[in-house]
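**Q** The lines below spell out each chain.
Protein chains: 2
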Amino acid sequence: MLTAAVPVFGADAPARRLRGNAPVRSPEVADRHVTFRLRADKANEVIVNGQWPNGRASMAKGTNDVWSVTLGPIEPGVWEYSFQVDGLTMIDPGNPAIKPMREPRTSILHLPAQPPALWDFQEVPHGVVRQHAYLSKSLGRLREFDVYTPPGYDVQPDTRYPTLYLQHGAGDNQATWTVHGKAHWILDNLLAQGRAKPMVVVTMDGHAAIPDGTGNQNNTALFERDLLEDVMLFVEVNYRAKPEAASRARVGLSMGGGQSLTIGLNHLDRFAWVGGFSASVPAADAVAGALRNPVATNRKLKLLWIGCGKDDFLRQRNEDFIALLKAKGVQYEWHLTDGNHSWPVWRGYLAETAPKLF
Amino acid sequence: MLTAAVPVFGADAPARRLRGNAPVRSPEVADRHVTFRLRADKANEVIVNGQWPNGRASMAKGTNDVWSVTLGPIEPGVWEYSFQVDGLTMIDPGNPAIKPMREPRTSILHLPAQPPALWDFQEVPHGVVRQHAYLSKSLGRLREFDVYTPPGYDVQPDTRYPTLYLQHGAGDNQATWTVHGKAHWILDNLLAQGRAKPMVVVTMDGHAAIPDGTGNQNNTALFERDLLEDVMLFVEVNYRAKPEAASRARVGLSMGGGQSLTIGLNHLDRFAWVGGFSASVPAADAVAGALRNPVATNRKLKLLWIGCGKDDFLRQRNEDFIALLKAKGVQYEWHLTDGNHSWPVWRGYLAETAPKLF
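Line by line, the protein sequences give chains A and B. Residue numbering for the first sequence follows the working numbering, starting at 4 and increasing by one per position. Residue numbering for the second sequence follows the working numbering, starting at 4 and increasing by one per position.
If you are wondering where the hints come from, they were derived from the structure by calculation, not from laboratory data. Small disclaimer: the values here were computed from a predicted structure and weren't measured. The beta-carbon is built from N, C-alpha and C at its ideal position, and this holds for glycine as well. The reader is advised that the hints may include incorrect statements.
Simulated restraints on C-beta separations [to be verified]: (1) V127(A) to K313(B): 48 to 54 Å; (2) G292(B) to E126(A): 47 to 53 Å; (3) D161(B) to R295(A): 38 to 44 Å; (4) P119(B) to E247(A): 37 to 43 Å; (5) R163(A) to P128(B): 21 to 27 Å; (6) L236(A) to G292(B): 35 to 41 Å; (7) K45(A) to P119(B): 40 to 46 Å; (8) E31(A) to V240(B): 33 to 39 Å; (9) Q334(B) to E232(A): 25 to 31 Å; (10) L138(B) to E78(A): 22 to 28 Å.
Covered by chain B, per the in silico footprint, the following chain A stretches (three or more residues, Cβ under 8 Å) [what the hints assert, rightly or not]: (11) 84–93; (12) 120–130; (13) 260–271.
Could you put the whole structure together from the sequences, leaning on the hints where they help?
**A** Shown next as C-alpha cells:
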C-alpha cells in the first residue's frame with residue numbers, strides 16, 4: 004500500500020526555507036485598505052482585477068520579485084478578484100479563499116461591514132453545511148451536493164423542515180452558494196432576526212451533462228432527472244424534510260434560474276415556491292403546461308419570484324418573460340432592481356426572498 | 004441593499020462566447036492517459052509538474068494559444084500537480100479540484116483504481132462531512148473546522164461515538180484531510196469492510212497563530228487552547244461524542260504530527276490514542292511529563308503510533324524520538340515505511356491506524 008516512490012511533493016516548506024523565500028502575504032487587510040502581492044520573477048505585467056468599484060489596478064515590482072499594490076478604502080462586501088499575469092487570469096495564490104468554479108480563476112476578498120451585513124458571520128446560532136458525494140443513478144457517475152441544516156436541527160429530532168433547492172449559475176458549482184454566496188450565513192442571520200423560517204437548503208451541481216464544449220442543450224433535462232430521481236429522494240429519506248409541494252422551493256440564479264423556472268413550473272405538484280434570479284428564462288414552449296392553464300397554475304403556486312438587475316445582460320429576456328406571464332394570466336412578483344449579473348445582487352435577492360418562503 | 008454599481012463580473016461566459024473561446028478542458032482523462040491544457044498567449048514556457056513518477060513534462064503551444072501535453076499511463080492514485088508558467092507555479096484553472104492549502108498552487112488528479120482503493124469512492128454506506136465556522140474564544144477570531152460523521156449517525160440517535168482528532172501539515176488547512184486526503188472515504192470503506200469502528204473525525208485548522216512569517220513558535224500552544232477550550236467543547240456538546248480519554252484519539256501529520264504528539268502526550272487524561280505521521284516530533288522537554296513517569300504514561304496510553312517514510316526529510320528526527328521513547332521506557336509502535344513526506348504515505352497511514360483505534 005505504501006510502496007510507490009514519489010517525488011518530494013509535500014516538502015515545499017523546508018525547500019522554501021532553504022531558498023530564503025518567506026511566504027508572500029496576500030491579501031493583507033488593514034482596516035479597509037488591502038495590499039495584494041504576487042511573487043513572479045519573469046512577468047512583464049501584473050494586474051489585480053477586483054469586483055469592487057474601480058477595482059482594476061496595475062501592480063508594481065518591488066524587492067525579491069514581489070509585485071504589489073495597496074488599494075482602498077474598499078467598501079465592505081464579499082468581492083471577487085483575479086490576478087492577470089501577462090494576460091493570464093488566475094487566483095491569488097496567497098489566498099486560500101477561492102470562489103468554487105468550473106474554471107477556478109477567482110479569489111474571494113471578504114470585508115465584513117460594521118454593523119455586520121446579512122452575509123457576514125455574526126454571533127448568532129449557526130447551521131451546518133454538509134457535503135455529500137453520490138453515485139447518481141440518473142447520470143451514472145459520481146456527483147456532489149451540499150445540504151445546509153438550520154441551527155438546532157440535530158437537537159430537535161421531531162421537527163420536520165421545508166426545503167429550498169437553491170441553484171448556482173453556469174460558471175459555478177454546488178459549493179458556490181455557500182463558500183461565495185454565504186447562503187448559510189444569510190439564513191442564520193435572517194433566522195436570528197426572526198425574519199425567516201428554519202429551512203433545509205440543498206445546493207446541487209447544475210452541470211448534469213458531461214461538459215463537452217457544445218453547450219449541452221439537454222443539460223436541464225438531465226439535471227431534472229438527477230434532482231427528482233436521485234437528490235430529492237436522498238434528501239427526503241436522509242433528512243427531516245417535509246415531503247410536500249407547499250414545503251419545497253425551487254430557486255436559482257442565471258443558468259440555475261432557468262433550470263428552476265423550467266423545472267418548478269413543470270412540476271408544481273412538487274414545488275409550490277419558484278424563483279429566478281437574473282435567470283436564463285425558459286422559452287414559452289418549455290413551460291407551456293403552466294401557461295396553458297393559469298387558474299390551476301395560480302392555485303398551486305404560492306410564489307413565483309423573478310428579479311433582475313437594470314444593468315444585467317439578461318434584463319430584456321426577463322422583461323419579455325414577465326410580459327408573457329402577464330399575457331397568460333400567471334401571477335408573479337417582478338423585481339427590477341439596481342445591479343448587474345453578479346453575486347452582490349444575488350446575495351441580496353436571497354435575503355429578499357428567503358423571508359417570503361414557507 | 005442592492006445599490007452598488009459593480010462591474011460585470013459574473014458575466015464571463017457570454018463574454019467568452021463573443022470572443023469565440025470555448026472552455027479549455029483540463030485535465031482530460033482517457034483511461035489512464037491524461038491531457039493537460041492551458042490557454043496562455045504570452046507565455047514562453049509552460050510545464051506540468053505532477054506527483055506521479057516522472058510527472059514533470061513540458062507542454063507545447065498549439066492552435067488558439069493553448070498549451071498541452073498528454074501523459075501516461077499514469078498509475079491510479081490521488082495525485083497533486085501544478086502548472087509552471089514562466090516559472091510561476093499555479094493551479095490548473097481548468098480543474099475545479101484544488102488541494103486546500105494556505106497558498107493554493109496545487110490541483111488534484113484523482114485516478115480511481117480497479118478494484119477501487121480505500122481512498123476511492125465506493126458504493127458503500129457513506130458518512131457526511133460537516134463544515135463549521137466559529138468565533139474562537141481562545142483566539143478571538145473567526146475559524147473553521149470540519150466534522151465527519153459515520154454512516155447511520157443521523158438515524159441512530161442513541162449511539163455515542165469515539166472521536167479522532169486528525170490534523171493536517173504546515174501547508175494545508177482543515178479541509179485538506181477530506182478534500183485531498185480522502186479521510187472520509189477511507190473510513191467509509193474500512194467500516195464497510197468491518198475493519199474499523201464507526202467514529203467521528205474532527206479536522207481543525209492547525210494554524211492558530213496569525214501568520215506573520217516568523218514561524219510562530221507559540222502556534223502549538225495556541226492551537227492547544229483552541230482545541231481543548233473551544234472545539235472539543237463544541238464537539239462534545241453538539242455531537243454524540245463519547246467524553247472520555249479512551250474514546251478520543253489525537254493524530255496528525257508533519258506539523259500536525261508534532262501538535263498531536265505534544266498535545267496528546269501532555270494530556271493523556273484526555274487522549275488515550277496518540278499518533279504522528281511523518282511528524283515534526285517534539286523536543287524532549289516539550290513532553291517531559293510523559294517521559295518522567297513511563298509507568299503512568301503506559302497505563303494511560305492505549306496506542307502511541309509513529310510512522311515515517313525511509314525517504315522523508317524528517318526520518319532522522321523521528322528515529323531520534325523513537326530512541327528517546329525507548330530509553331525512557333514509553334511504549335510505542337514504530338513504522339519505518341517506504342515513501343517520503345507526501346500524501347500517498349499519509350493516506351496509507353490512516354488506513355493502517357484507523358483499524359487499531361477504539
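**Q** If a hint holds in the structure, say so; if it does not, say that too.
**A** Cross-check of the supplied hints:
In this structure, V127(A) and K313(B) meet the distance hint of 48 to 54 Å, their C-beta atoms being roughly 51 Å apart. Taking the beta carbon of each, G292(B) and E126(A) are about 36 Å apart, not inside 47 to 53 Å as hinted. Take D161(B) and R295(A): their Cβ atoms lie about 52 Å apart, and the range 38 to 44 Å is violated. Separation of P119(B) from E247(A) is about 39 Å and conforms to the stated range, judged on CB atoms against 37 to 43 Å.
Roughly 23 Å separates the CB atoms of R163(A) and P128(B), a value that falls within the hinted 21 to 27 Å. In this structure the supplied range 35 to 41 Å is violated for L236(A) paired with G292(B), their Cβ-Cβ distance being about 54 Å. Distance hint check: the CB atoms of K45(A) and P119(B) are about 42 Å apart, consistent with the given range 40 to 46 Å. About 35 Å separates the C-beta atoms of E31(A) and V240(B), a value consistent with the hinted range of 33 to 39 Å.
One distance hint, 25 to 31 Å for the beta-carbon pair Q334(B) and E232(A), is violated here, with the actual separation near 54 Å. Taking 22 to 28 Å as the suggested C-beta distance range, the pair L138(B) and E78(A) conforms, at roughly 23 Å. Judged by the Cβ-Cβ criterion of 8 Å, the region 84–93 of chain A is covered by chain B as claimed, because 6 of its residues qualify and three suffice. Chain B is given as covering the region 120–130 of chain A, and this holds because 3 residues of the stretch bring a CB closer than 8 Å to a CB of that chain, at least three being needed.
Judged by the Cβ-Cβ criterion of 8 Å, the region 260–271 of chain A is not covered by chain B as claimed, because only 0 of its residues qualify and three are needed.
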